[in-house]
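Asks: Each chain, letter by letter, is given below.
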Amino acid sequence: MSNAPGHAPVKSIMPKWVRAPQDFIGGLALVALALFALWASSDLQGMRGFSFGAGTAPRMFAFLLLGLGLAVMVVGVTSDGPHVSTYHWRGPLFVSAAILFFAFMIRPMGLIFTAFASFMIAAMGTPETKWKETVIVAVCLTAFCALLFPYALGLPLQMVPKFMIR
Amino acid sequence: MGDVLSNLALGFGVVFNFVQWAPPFLGGMSIPIPVNILLCLIGALVGTLVGVLPGIGTIATVAMLLPITFGLPPVGALIMLAGIYYGAQYGGSTTSILVNIPGEAGSVVTALDGFQMAKQGRAGPALAIAAIGSFFAGCVATVLIALLGAPLTKIALAFGPAEYFSLMVLGLIFAVVLAKGSVLKAIAMIVLGLLLSMVGSDIETGASRMAFNIPELADGLGFATVAMGLFGFAEIIRNLDTGGESDRQLVQQKVTGLMPTKDDLKAAAPAVGRGTVLGSILGILPGGGAVIASFAAYTLEKKVSRTPQRFGRGAIEGVAAPESANNAAAQTSFIPLLTLGIPPNAVMALMVGAMTIHGIVPGPQVMQKQPELVWGMIASMWVGNLMLLVINLPLVGIWVRLLRVPYRLMFPSIVVFCSIGIYSVNNAPVDVILAGVFGLVGYWLIKHDFEPAPLLLGMVLGPLMEENLRRALLISRGDWSVFLTRPLSAVLLAIAAFLLVLAVLPTLRAKRDEVFVESEN
Amino acid sequence: MNWSGRSLAGGCFAVIAALGAWSGQGHAQQAYPTRNITMIVPFAAGGPTDVIARIVTGHMAQTLGQTIIIENVVGAGGTTASARAARATPDGYTLITGHMGTHAASVPLYPNLAYHPEKSFEPVALLAGTPILILARKDFPAKDLKEFIAYVKANESKVNAAHAGVGSVSHVSCQLLESILKIKPVSVPFNGTGPAMNALVAGQVDYMCDQIVNAVPQINGGTIKAYAVATPERNPSLPDVPTTKEAGLPEFQAQAWNAIFAPKGTPKEIIEKVNAAAAKALNDENVKKRLLELGSVIPAPADRTPEALGTLVKSEVAKWTPVLKPAN
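Protein chains in written order, with the working numbering: chain S, 1 to 166; chain C, 1001 to 1521; chain P, 2001 to 2328.
So here's chain S without its partners, still in its complex pose (with noise of 0.2 Å):
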């Protein structure tokens, strides 16, 4: 458990009476998520006599949720329990980047341009990064995935953006 109590550093702007932040936060998205649930599910049809609507077993899961998130917000201001531990920017905002880039750029561009730039944002994500030995091996897996996937696996992917084939 990398979370134990204590790691991180306590700077909590919930009130005293919530004594374990992590869960209390936690389950007010868990009870958030049943409401968007219940919501997005209420077009849906009901019971039809005997038999399940469509709707039926997504609002039951959403209600049993919407229960269970109360719960732990319950035990998140009667029991002491650790703070959020913080979050950290760096690695989530490069590495969501880098996937977000392939998922745009596949199509387009290409699966050379793509795995390699896509490599280098994802590389962005940590100061430890060493530039000259990034992009030798971003390069390196770059070929390689340009034989394994269309030669070794027979995947009919798109290797030089669209502009360059005509």
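Derived from the structure by calculation, the hints contain no laboratory data.
Certain hints may be false.
[To be verified] Listed below are the simulated DSBU-like cross-link pairs for lysine-lysine, each with C-alpha atoms no more than 30 Å apart in a straight line:
1) S:K130 <-> C:K1119
2) C:K1369 <-> P:K2143
3) P:K2158 <-> C:K1154
4) P:K2184 <-> P:K2325
5) P:K2143 <-> P:K2182
Mind docking chains C and P on chain S? Use the hints.
Replies: Chains C and P alone, transformed into the frame defined by chain S:
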């Protein structure tokens, strides 16, 4: 008994079929080539290599490689396909252990302890015990199919919608038990998984549920997409936090031994045995039995263990049992196909497809009409398992060496490989984005000490549970008592209730697991 | 062995990219086809449609002198693949093997369908149909179709029908049967033909309608029974099973037909060329033999023209729309 032996002899005769190969450059000399064994070997090898790519699970691998068997003679094609299947399964376990990315539902549990072992520098023993356990389970299951295949079919037919619903309830309870932290939070995660599994089309009316008119969501959230996000991407993001640094260095510092020690084997042996038995039984049940095999085995180990707190922290039994169960179930799931001609799951449906392409339409008479095919396949299962051992034990060294790559270079590679893997399954960029979103969700879950494994299991079991519940109620005309009046169903529910009490009691008493966490620190 | 592109994970963009490469070269004068043709199959490899497509295109490729790459695109009852094919460049290099579901029953079933079978596609060639059977569990009380009809009408509230999921052939054909018989039994949905057949063999449900290819081995094995085949003639793979006409329910005619379509706007010469190749394939003895083994019905030469297929699609859309509309 004599029958079985002669049948098995027939089967092995087919598998060890030698074809005389007389290439012109040898000048009239001919070399005997064991074609079917070679096909099995190639199948297992290719299956492992594709299965090991993160994001590509067993079904996707088999579907991808299916066309390469179309040009082969029927028996050879099926033998190769069996090789691909086992290879793909084992490949999935490899990624679970090495990088914490389960390729299919069965390996979610393998990841729990397997990845912890890898972090402790014990990836070698984890991979090896997975291969050895799988091989043992495969051997036992092969014999079981040969001896009892036909009578065991009755079990498959005794399971109706009510029984499957109860089995799925039991499965969800297993998911609670395998959580290592708060039971309440584990249940919340399961329900969240169930809720996520509702996205997609309704089985009875076809109505689109919570899909927001996104075409990629019309068939629901893909397992690979969610698993990749919650396990793969979230793990990477978390490791990039400064707090995770110590975790990463562990992997690179002390890689102890590639093979399991005597103590490891001693600890794992009973787990392998129990896993094999559970997996063999559950695998026979079409439509969902095999899914819960691995975590039923894990739960059992955790319950019988004298040191249950080790589970989730790198217990070798936690790898050995589910892997054995998984492989045994994969094997016995052939029983309904071979005796009834009905494919029990998506992979088997692909197998039937392959048979149909070759002009073989499997049915209840396939055993009498095409004995060489059926027994050849049974024999090839065993050979396929042997091939896995042959291929994978030497590979262990290579995989473990991969872990020594510095993390700053490793994680961008995983990001790129995962993205390509998810993208290539459906050629859908939206899937990649969804995996990214689930990566952030997973990061948030870690921050709030929610475990992703129960969520994933809830997601897998959700549709099975809902569909069977609805079927059972349709057939009983809305009478809920069927779940208790049908004996098999009642027994399963009773076991589920018993397990739930066992799981909840300690938390009510003393918050047992948290105490252990404290004492470890 | 052609590896590339035969995989499930086919990408239409690769096709488009290749298209760009070709059209940019300026040698469009050469006769079609000058490169590989992609055949989209909207179902998983190994399903009835896939098997028929593979058998026929295998022969067509020889006639056309180019490889035909089969691309299985799965999802939403085949409508995902059909929508993709409808958007493809209409140059004859992207074709689709559609069937009764994707190119007729989908219209009433999916209100937000991204294509229309008649407006978005050019009909090319009818391939083969798989007849539909009325099946029941082996201990179902009725002996023949007449008794079956009487029984289900008398016990409407007790009978359970199975189908393989909304939009599947078994689902839509059962809906047709029920609308003809004017009954509303409980219909129990399963996830695919396998589980539905398993439930029928185990006796958990009473009857279902399904394609012949799935049912023949079970009928021959005595694990289920068949009352009638919904085609004008008996099927050679089940010579003892009467037709619905013989058994007294002539209105129930249903066949899961499979046919090649091209995106709207594909040149006429290309369609004719592909059509001719398909017709030639259906005349080949080996192709015929394999299709018949599956219980398929091979269309008569008069039904093989693009125009005949166009008429069939029109009449099928008209046939299924009233049957399936109220179900939604």
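Asks: Give a verdict on every hint.
Replies: Results of checking the hints against the structure:
no., hint, verdict
1, S:K130 <-> C:K1119, "holds, 24 Å"
2, C:K1369 <-> P:K2143, "holds, 28 Å"
3, P:K2158 <-> C:K1154, "holds, 25 Å"
4, P:K2184 <-> P:K2325, "holds, 15 Å"
5, P:K2143 <-> P:K2182, "holds, 21 Å"
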